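Participant: The C-terminal residue of the sequence shown carries number 362 in this note's numbering, and the numbering is unbroken.
Note that these hints are calculated values from the structure, not bench results.
Hints are not guaranteed to be accurate.
Only pairs whose alpha carbons sit at most 30 Å apart, straight line, appear in this in silico DSBU-like list of lysine-lysine [to be verified]:
(1) Lys245 <-> Lys197
(2) Lys229 <-> Lys245
(3) Lys229 <-> Lys197
Being a predicted model, the structure only gives us computed values, none of them experimental.
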Amino acid sequence: MSTPDSSRVSGRPDYPVVSIAPLGCDPVFDSEVVRRALIEDVGRGDITTEATVPAGRRGCAGIVTRQDGVVAGLPIAALAFTLLDPLALFEALVADGTSVVAGATLARITGELRAILTAERTALNFLGRLSGIATLAQDCVAAVAGSGATVVDTRKTTPGLRSLEKYAVRVGGARNHRAGLDDGILIKDNHIAAAGSIREAVRKARSRSSHLLRLEVECDTDEQVLEAVECGVEVILLDNMSPDQLRRNVARVREHAPGTLIEASGNMGTSAERLAAVAATGVDLISVGALTHSAPNFDVSLELYPDAGPELAEADKEHKS
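All chains should be modelled from the sequences, with the hints used to inform the complete structure.
Facilitator: Shown next as structure tokens:
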């Protein structure tokens with residue numbers, strides 16, 4: 042994504058125009074992901090658009106939000122249009138990470154009208170999914186503000202979209218956990234069962250891992266927490282524990298291994314009350330799977346402008362918050 046251009050949209054002094062070109066150089070914005078999505082949707086052709094829109098006709102449209110929230114995914118939405126029409130101009134009127142209110146115009150697309158209408162649903166699906174995740178992430182971060190706890194995601198992502206969904210988590214202000222199985226050692230209950238004990242699982246993991254990798258162990262009971270502390274692991278995950286259990290085990294870890302990071306996990310949900318209660322126990326990290334597996338879709342639409350060109354909203358300042 043290019044840096045904001047110095048030019049401004051006429052009559053909109055607070056909205057820089059960001060011209061977004063295909064972003065094949067950034068692995069997060071993978072054009073192949075968008076290409077597959079377009080193939081899935083278009084199939085043998087957009088028969089409705091081909092029947093109703095003359096070939097070669099140009100047009101202009103705007104992407105408008107119908108709700109408040111955090112925008113994420115404009116670069117990937119841009120790719121949907123430019124893959125079908127390489128000469129299309131996608132102008133972002135806000136940047137990813139911007140908080141907007143209902144009615145805000147997020148972007149303007151000018152190009153072949155057939156391409157705009159054919160790419161519409163694919164672009165909006167990506168933008169709605171990623172903005173929904175970013176919006177939920179922002180809400181979760183706000184719920185634990187001032188506690189010292191950090192909200193992180195999990196690997197419970199949509200197959201094939203993990204990089205994009207984890208990007209949206211970051212846009213919303215939360216942090217990423219492991220990107221994949223090769224990104225860190227996390228010994229879970231089934232690893233412990235297979236190895237026979239936490240101690241044996243840790244021993245085997247340390248014998249095979251780089252000294253640069255931190256080792257995390259999932260603990261379900263007070264006894265497992267003590268065993269993990271004795272093994273000297275760098276991170277302890279407290280799984281499915283009540284606030285009282287969390288508080289008790291946080292105190293135990295702080296006493297015996299003060300440098301150890303403590304993560305709370307397991308059916309956290311996304312309610313502000315639940316997250317605040319967990320944060321108040323003193324944990325360092327709160328992993329929230331719902332960030333990516335249960336985020337509501339962000340409501341956005343594409344509005345076709347008259348032939349004369351786009352009629353941009355006048356009250357632009359009211360559309361940024």
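Participant: Lys245 and Lys197 were given as a pair; does the straight-line alpha-carbon distance stay at or below 30 Å?
Facilitator: 26 Å, holds
Participant: Is Lys229 close enough to Lys245, meaning Cα to Cα at most 30 Å?
Facilitator: 14 Å, holds
Participant: Starting from Lys229, check that the Cα of Lys197 is at most 30 Å away, please.
Facilitator: 15 Å, holds
Violated hints are absent here; each numbered hint is respected by the structure.
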